[in-house]
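Construct the complete structure from the given sequences, taking the supplied hints into account.
Going left to right, the sequence shown walks through residues 1 to 350 as the numbering used here numbers them.
Be aware that a few hints might be false.
Stated by the list, open to error - Taking lysine to aspartate or glutamate pairs in the EDC-like style, the calculated list, with each CA pair at most 20 Å apart, reads:
{"#": "1", "residue 1": "Lys172", "residue 2": "Glu333"}
{"#": "2", "residue 1": "Lys301", "residue 2": "Glu333"}
{"#": "3", "residue 1": "Lys71", "residue 2": "Asp44"}
{"#": "4", "residue 1": "Lys301", "residue 2": "Asp340"}
Stated by the list, open to error - Distance windows between CB atoms, simulated:
{"#": "5", "residue 1": "Asp263", "residue 2": "Gln135", "range": "32 to 40 Å"}
{"#": "6", "residue 1": "Asn241", "residue 2": "Thr113", "range": "39 to 47 Å"}
{"#": "7", "residue 1": "Glu68", "residue 2": "Ser339", "range": "38 to 46 Å"}
{"#": "8", "residue 1": "Asp263", "residue 2": "Arg343", "range": "35 to 43 Å"}
No lab work stands behind these hints, which were simulated from the structure alone.
No experiment lies behind these values; they were computed from the predicted model shown.
From the three backbone atoms N, C-alpha and C, an ideal C-beta is built for every residue, glycine too.
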Amino acid sequence: MYNIVIVEDESIELESLKRIVSRCVDNAVIHEASTGNKAIQLIDNLGKIDMMFVDINIPLPNGNQVIEYLKQKNTDTKVIVTTANDDFDIVRHMLSLKVDDYLLKPVKQSTLTETILKTLQVDESKANETRELRQTIADLINRCDYPGWHTFLFSALDAASSGHACSDEHPKAMIDVLELTQQHLASLGEKFVSCRNHIAAIVQTMHQHKVTPHNYWQIMNQLLEVSHALFELMMKSISGNMDFVARARFHIESNLLNNITLDDIAARAFVSPCYLSRAFKKSTGAGFSNYITTRKITLAKSLLQFSDLKVNTIALELSWQDANYFCRIFKKETGIAPSDYRRIVSGEAC
Numbered sequence: 001m002y003n004i005v006i007v008e009d010e011s012i013e014l015e016s017l018k019r020i021v022s023r024c025v026d027n028a029v030i031h032e033a034s035t036g037n038k039a040i041q042l043i044d045n046l047g048k049i050d051m052m053f054v055d056i057n058i059p060l061p062n063g064n065q066v067i068e069y070l071k072q073k074n075t076d077t078k079v080i081v082t083t084a085n086d087d088f089d090i091v092r093h094m095l096s097l098k099v100d101d102y103l104l105k106p107v108k109q110s111t112l113t114e115t116i117l118k119t120l121q122v123d124e125s126k127a128n129e130t131r132e133l134r135q136t137i138a139d140l141i142n143r144c145d146y147p148g149w150h151t152f153l154f155s156a157l158d159a160a161s162s163g164h165a166c167s168d169e170h171p172k173a174m175i176d177v178l179e180l181t182q183q184h185l186a187s188l189g190e191k192f193v194s195c196r197n198h199i200a201a202i203v204q205t206m207h208q209h210k211v212t213p214h215n216y217w218q219i220m221n222q223l224l225e226v227s228h229a230l231f232e233l234m235m236k237s238i239s240g241n242m243d244f245v246a247r248a249r250f251h252i253e254s255n256l257l258n259n260i261t262l263d264d265i266a267a268r269a270f271v272s273p274c275y276l277s278r279a280f281k282k283s284t285g286a287g288f289s290n291y292i293t294t295r296k297i298t299l300a301k302s303l304l305q306f307s308d309l310k311v312n313t314i315a316l317e318l319s320w321q322d323a324n325y326f327c328r329i330f331k332k333e334t335g336i337a338p339s340d341y342r343r344i345v346s347g348e349a350c
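See the structure below:
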């Protein structure tokens, strides 16, 4: 995944650049700024910028000042200057700032494409991985597969958490998932703007603080909230195509942090509790209560391994009656007490 910033105040030029970048870098997240101030805000907010296109003649602070600020923050960013001015003094100053290329407007598409690919040294295998990830995200959301989405999302969060003690790198793979999700939601229309903004806030948190035991539950909770909002919107558009068992699983997933009863879910699935119970087990292979317990235990395992929440706090957050009841259920499901599970998984060496 590449973070690419385009600093351009001419709308036609901006759209042209965005279109060319999107075509030649499949796994790019494109950010735009029409002024120097907006560019500086992006530099401050984005943890990593792979490439920045800068028009020198943008409103103050000008392009030179933006590049100088960027170089103080992130010396690894590739910088491509675009300008209609070929004045030698400007060119010389650009070279002193160690920009990677200097292109005169209007820039030919072939020239720009060649410059982007050469400068970024695009890895085609990684691009393929991104395409597959993009497709997975689209399939889960478009099918309104809420349980599958949570499994996918929290597996990515756990993977990002598992390396926090061994590396200073941001949890890039998780951020890639979230940014690709933003892109997909953008393609679905304006009704998902709030979800996209919520995801952007989570990404910013992860850029600034990574994923640590102290903030793991906060990030998980935010992901649960944005997933709830996202799938409630998706549900409205496809609910007529869902059978009652799928509808029941949807509402279970939507209420994982609540005390879920068969009667409540049956009412939302528009069937009797007795009928739902029989059909649910036949369809999923698990009894209604066991299915809910399994989904909650999955969250509990992650919280025990990656968060610093106490066992009794985890029990309360997942709406179990009390810590003792949670411990009995956890041991019945896993064969081990929560405290022992935490000790074993936390003992894994980096």
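Report the numbers of all earlier hints that the structure fails to satisfy, in ascending order. 1, 7
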